[in-house]
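**Student:** Chain residues, written in single-letter form:
Protein chains: 2
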Amino acid sequence: MENTTLSATATAITPEQLLKHWQGHRGLTRRMIEAFPEDQLFTFSIGGMRPFSALLMEFFSMAFPSVYGVVTGEWVANDVLLKDAGVETKPTNKAEFLQLWDAVTEKLNEWWPKINAADFNKEIKAFDQYDGTVIGILLYIIDNEIHHRGQAYVYLRALNVEPPPFWDRSQDL
Amino acid sequence: MENTTLSATATAITPEQLLKHWQGHRGLTRRMIEAFPEDQLFTFSIGGMRPFSALLMEFFSMAFPSVYGVVTGEWVANDVLLKDAGVETKPTNKAEFLQLWDAVTEKLNEWWPKINAADFNKEIKAFDQYDGTVIGILLYIIDNEIHHRGQAYVYLRALNVEPPPFWDRSQDL
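Line by line, the protein sequences give chains V and W.
Each residue of the first sequence is one higher than the one before, counting from 1035 in the numbering used here.
Each residue of the second sequence is one higher than the one before, counting from 1035 in the numbering used here.
There could be a bad hint or two in this list.
In this list, chains with the same sequence are indistinguishable; a pair is considered to hold if it fits within one copy or across any two.
Only pairs whose alpha carbons sit at most 27 Å apart, straight line, appear in this in silico DSSO-like list of lysine-lysine [unchecked claim]:
no. : residue 1 : residue 2
1   : K1141     : K1156
2   : K1054     : K1159
3   : K1159     : K1124
Hints are computed from structural coordinates only; laboratory data are not their basis.
All chains should be built: construct the whole structure from the sequences, respecting the hints.
**Tutor:** Printed below as a string of structure tokens:
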């Protein structure tokens, strides 16, 4: 019986490790915001793709609202969730982006441990519209950040700015 | 005691799920190879960055060699590991890239289950030079593929080619 239980819960990543991994990636994305020329943040584009500011707004729209939704079953946007956090949820300059980023970092650290470990394989309808498992949704959001941040690396290189190194994620596993 | 054991093995992702997740991403990267104009594969660049062919060679250099290395403790390159697979390990056209890709897909499916589930947190020296845990190294390789593939999305858009949708990873969780 004990062996059966162990085998059923074979673990590649624990919840704590996955949060640490994500926050490591988020630290890198934060350094990308710092490195990005402020006058290009809302405008620079290649091939008709969205500017970095729009990609960041997409990250924000999913990061804390997804974890909050997984924990509570309620899908609520940042302007409501962060009402009392004292940050601008629709940033219009780099400083506001960084402040919002840091507020979300704290919220993720506070709310992630509330996810029931038994729920990672639970089927949910994320944001009341996307069917998937909890882990599937969370990995999607992490991967989406890596994917679009890779896009922003090309923007920075095209702007002749050296991006922060991809391998350096000091909070990583 | 039983609770302690359960808590120590809380699982966000199982080894089987992580392989499925990676192969889902690899299926998307394969569709990027198919979509990429063959005459630009070895040459197209933005901001001095490497062409897509060089990024693909980096993926190849890590994917199967890392899993083989984790299982055996030996760090060996594809030209040796795939000697009998009947594929070109230094592709010079799109068809050869796809053949090598598919050979690696099979090898990953064959070798990943040989990873001892208890070893994911083991400290290793990957490729005889990078210190980290097994899970840390494997996640790095998966994330690196997502990151550079995001770069290739910008190349495709700049070449006025519609890339395959990021969200479609039919083998995904």
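**Student:** Can you name, in rising order, the numbers of the hints this structure does not satisfy?
**Tutor:** none
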